[in-house]
Amino acid sequence: MCTSDIDRRRRRKPGDLGSLRRTLWASIVTMEGHLGNADPQIAIRAAHALGTLSGTYLKALELLELGNLAERVDAVEAAEQARAR
0 MCTSDIDRRR RRKPGDLGSL RRTLWASIVT MEGHLGNADP QIAIRAAHAL
50 GTLSGTYLKA LELLELGNLA ERVDAVEAAE QARAR
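Under numbering that gives the first Met the number 0, read the sequence shown as residues 0 to 84, first letter to last.
Calculated directly from the structure, the hints in this document are not laboratory data.
Every value quoted in this text rests on a predicted model; they were computed, and no experiment measured them.
A few of these clues could be false.
Stated by the list, open to error - Quick list of simulated restraints, FRET-style, between CB atoms: (1) GLY32 to ALA81: 47 to 57 angstroms; (2) GLY14 to SER53: 14 to 24 angstroms; (3) VAL28 to LEU68: 24 to 34 angstroms; (4) GLN80 to GLY32: 47 to 57 angstroms; (5) ALA81 to ASP15: 26 to 36 angstroms.
Ideal placement from N, C-alpha and C gives every residue a C-beta, glycine not left out.
All chains, full assembly: derive it from the sequences and hints.
Quick look at the structure:
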């Protein structure tokens, strides 16, 4: 077995939006803790990371809501089709 076969088996499976949201939230909380750091460079980097993470977190939430909305629309359409029969 060659190294690339081992690496291929060890690769993580793609995550879902829920796990992405949880990871982003944990990172946001961590960066918030660094905002009050005595070293201004660390505080500035934390603020920058927090801004980036917040935007990404918002997009993940929007995608989750779109998925929920699509499921609800599908359910309403199915119910309407069943009622029409």
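Hint by hint, here is what the structure shows:
1. GLY32 to ALA81: 47 to 57 angstroms: holds (52 angstroms)
2. GLY14 to SER53: 14 to 24 angstroms: Check passed, 19 angstroms falls within 14 to 24 angstroms.
3. VAL28 to LEU68: 24 to 34 angstroms: Holds, at about 28 angstroms.
4. GLN80 to GLY32: 47 to 57 angstroms: Check passed, 51 angstroms falls within 47 to 57 angstroms.
5. ALA81 to ASP15: 26 to 36 angstroms: For ASP15 against ALA81, whose Cβ atoms are near 30 angstroms apart, the range 26 to 36 angstroms holds.
Every hint from the earlier list agrees with this structure, and none is contradicted.
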